[in-house]
Amino acid sequence: MKFLDHLEEWLIATLMGLATTIVFLSVAHRYLSGFAIPHLQDWLLTMDVSWSQEVTIIMFVWMAKFGAAYGVRTGIHVGVDVLINRMQPKLRAKFVLFGLGAGALFTALVAILGAQLCWHSGLEHFAYTLFGLPSDAFGGSTKPDTGWPVWAVYLAIPLGSSLMCFRFIQVAVAFLRTGELPHHDHGHVDGLDEEMEVGK
Amino acid sequence: MSALIIFSLLLVLMLTGMPISISLGLTVLTFMFTMTTTPPVEVAHKLFTGIENFGVMAIPFFILAGNFLTHGGVAARMIRFATSMVGHMHGGLGLAGVLACALFAAVSGSSPATVVAIGSILLPAMVKAGFPKRFGAGVITTSGALGILIPPSIVMVMYSIATNTSVGALFMAGVIPGLILATMLGMTTWYLARKNGYPRLAKASWPQRLRAFRESIWGLLLIVVVIGGIYGGIFTPTEAAAVSAVYAFFIAVFVYKDLKMSDVPRVLLSSANLSAMLLYIITNAVMFSFILTDQQIPQTLAEWMLAQGLGPIAFLLAVNILLLIAGNFMEPSSIVLIMAPILFPIAMRMGINPVHFGILITVNMEVGMCHPPVGLNMYVASGVAKMGITELTIAVWPWLLTMLVFLGFVTYMPEMSLWLPRVLGMVQ
Numbered sequence: 000m001k002f003l004d005h006l007e008e009w010l011i012a013t014l015m016g017l018a019t020t021i022v023f024l025s026v027a028h029r030y031l032s033g034f035a036i037p038h039l040q041d042w043l044l045t046m047d048v049s050w051s052q053e054v055t056i057i058m059f060v061w062m063a064k065f066g067a068a069y070g071v072r073t074g075i076h077v078g079v080d081v082l083i084n085r086m087q088p089k090l091r092a093k094f095v096l097f098g099l100g101a102g103a104l105f106t107a108l109v110a111i112l113g114a115q116l117c118w119h120s121g122l123e124h125f126a127y128t129l130f131g132l133p134s135d136a137f138g139g140s141t142k143p144d145t146g147w148p149v150w151a152v153y154l155a156i157p158l159g160s161s162l163m164c165f166r167f168i169q170v171a172v173a174f175l176r177t178g179e180l181p182h183h184d185h186g187h188v189d190g191l192d193e194e195m196e197v198g199k
Numbered sequence: 000m001s002a003l004i005i006f007s008l009l010l011v012l013m014l015t016g017m018p019i020s021i022s023l024g025l026t027v028l029t030f031m032f033t034m035t036t037t038p039p040v041e042v043a044h045k046l047f048t049g050i051e052n053f054g055v056m057a058i059p060f061f062i063l064a065g066n067f068l069t070h071g072g073v074a075a076r077m078i079r080f081a082t083s084m085v086g087h088m089h090g091g092l093g094l095a096g097v098l099a100c101a102l103f104a105a106v107s108g109s110s111p112a113t114v115v116a117i118g119s120i121l122l123p124a125m126v127k128a129g130f131p132k133r134f135g136a137g138v139i140t141t142s143g144a145l146g147i148l149i150p151p152s153i154v155m156v157m158y159s160i161a162t163n164t165s166v167g168a169l170f171m172a173g174v175i176p177g178l179i180l181a182t183m184l185g186m187t188t189w190y191l192a193r194k195n196g197y198p199r200l201a202k203a204s205w206p207q208r209l210r211a212f213r214e215s216i217w218g219l220l221l222i223v224v225v226i227g228g229i230y231g232g233i234f235t236p237t238e239a240a241a242v243s244a245v246y247a248f249f250i251a252v253f254v255y256k257d258l259k260m261s262d263v264p265r266v267l268l269s270s271a272n273l274s275a276m277l278l279y280i281i282t283n284a285v286m287f288s289f290i291l292t293d294q295q296i297p298q299t300l301a302e303w304m305l306a307q308g309l310g311p312i313a314f315l316l317a318v319n320i321l322l323l324i325a326g327n328f329m330e331p332s333s334i335v336l337i338m339a340p341i342l343f344p345i346a347m348r349m350g351i352n353p354v355h356f357g358i359l360i361t362v363n364m365e366v367g368m369c370h371p372p373v374g375l376n377m378y379v380a381s382g383v384a385k386m387g388i389t390e391l392t393i394a395v396w397p398w399l400l401t402m403l404v405f406l407g408f409v410t411y412m413p414e415m416s417l418w419l420p421r422v423l424g425m426v427q
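These protein sequence lines are chains A and B, in that order.
In this text, residue positions in the first sequence follow numbering that gives the first Met the number 0: the first is 0, and each later residue adds one.
In this text, residue positions in the second sequence follow numbering that gives the first Met the number 0: the first is 0, and each later residue adds one.
Rather than coming from a laboratory, the hints here were simulated on the basis of the structure.
The structure displayed is predicted, hence computed values, not measured ones.
One should not assume that every hint holds.
[To be verified] The list that follows gives simulated cross-link-like pairs (lysine-lysine, DSSO-like), each with its CA atoms no further than 30 Å apart:
hint, chain 1, residue 1, chain 2, residue 2
1, B, K127, B, K202
2, A, K1, B, K127
3, B, K385, A, K89
4, A, K142, B, K45
5, B, K194, B, K132
6, B, K127, B, K385
7, B, K45, B, K194
The shape of chain A in the complex, shown without the other chains:
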């Protein structure tokens, strides 16, 4: 379980950092290759960076799907709680569980639909040929710039949504046991402990 938590955190933080670096480098590349610096310009011009935008988008979609699951664990997905917060604790608990259950239901449905989508857009063909079976299923298309198979890119939906469903169940179980929900602090700021003299 700890391993899954760390993998999730590591994956989304890495995707975030990598995507930023890629876009930054592609902008730097575009401008640097415009300057007539000997050798550097020739070298830069031989590089093909047309894939950068597509890769960034794919990375962010994966980051979004797994990050949404992480967000259930950190309690960042907020709802309209003015009504239920005025209820008796017992009734409120029922509504909280209903909400978490609805989250689990929706993410489970999306995971199933997403798996179907992947299966029909090339995963079926891939799986059959992998095991040496004849396949007449649709081979699937590829992404225009990177040439990556679309079904592999779409795998983010069933994988991320399954994980998210699991997290909703996890939070619901923890709520049943302890009565506590994860809570995200939107106003958290680091480095405020130092005393500061204002107006001196």
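On the provided structure of chain A, position chain B as indicated by the hints.
Just chain B, lined up with the frame of chain A:
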């Protein structure tokens, strides 16, 4: 009829307290399964293609840039600069609070974080200097919201996603209203302070001001990088966001040294957390607006309104009231993503400029952050100031009223928003 079903379902699901993204998603799925023949796999497909858009990626980049600079050290620099500039006038520290909030909010991109960062430093100092706590809390709570009007603004990116309006034009359009609102909040502060004889600081010398300016300039240049980069055609808004994220990283780690390299993974993770939540709302909201368009709901609504003889003036008034009410229950991103696709087509039929309409919605979101019962700024401010929500409600009213007057200006004086982007050739 289908409109009624869709909206009642959404409303009921939302009121149970489940995440807004989930209630949007469940509404869409229920509607699709029961009332249309669209294959459900389409839903999964939309979940991917909904955010498969380079423009959307500006959001995580801007969040990352803001998070690198959301630090007490940056807040302290902004406060030092602000006090050295305006501390000697009536309202002293309070006026400096407005300016520091405007600067920090623009750079950090988060209203609640601004209230916490500026408030934690400035409020104790104000109380010590002899200001009533209410005054300080009122200033910080409302000024903290200035950030979403001054570029870069996530709420504006959300609006541009929902309505296909140019992010660059929206950013430019926000500049002048942002400055005017900051001035108006400052004037309210100045007037109240003068009337009550609150303390002023000694006038800072120009070398002191210059030193404070040199310290804060690195953070402020982030705004210049974004606006200048987009306007100068150097990069697209998304690229500007990514460049500003790298710039913010460089400043935080190597220039300000507020962060160590070992802090970077934590900043990446918390930015990914917030971005993923927003992107999740976007995907579900995109599906939702797809259903609305599919059922021709905004068009029908527009026809009906025109048939009632409703003109732009009455329509904009209704929009303001609707959004202010919505601001009581939801946070800005969700409101923009749900409301904009419905209201935008009507606004277009009425001949309202899309950029002006975006600024109007953004100002509404600003007001919504500062009033009870769920203004996020109120909540964090009550924590920082250790005041109850009721007391804080009384504390903010002079500034809240100022904001409402300003909302009136923005609503009925489109030129205020449109002048700068027009001069720059970004809108007709």
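Here is what the structure says about each hint:
no.	hint	in the structure
1	B:K127 <-> B:K202	19 Å, holds
2	A:K1 <-> B:K127	47 Å, violated
3	B:K385 <-> A:K89	29 Å, holds
4	A:K142 <-> B:K45	16 Å, holds
5	B:K194 <-> B:K132	17 Å, holds
6	B:K127 <-> B:K385	15 Å, holds
7	B:K45 <-> B:K194	58 Å, violated
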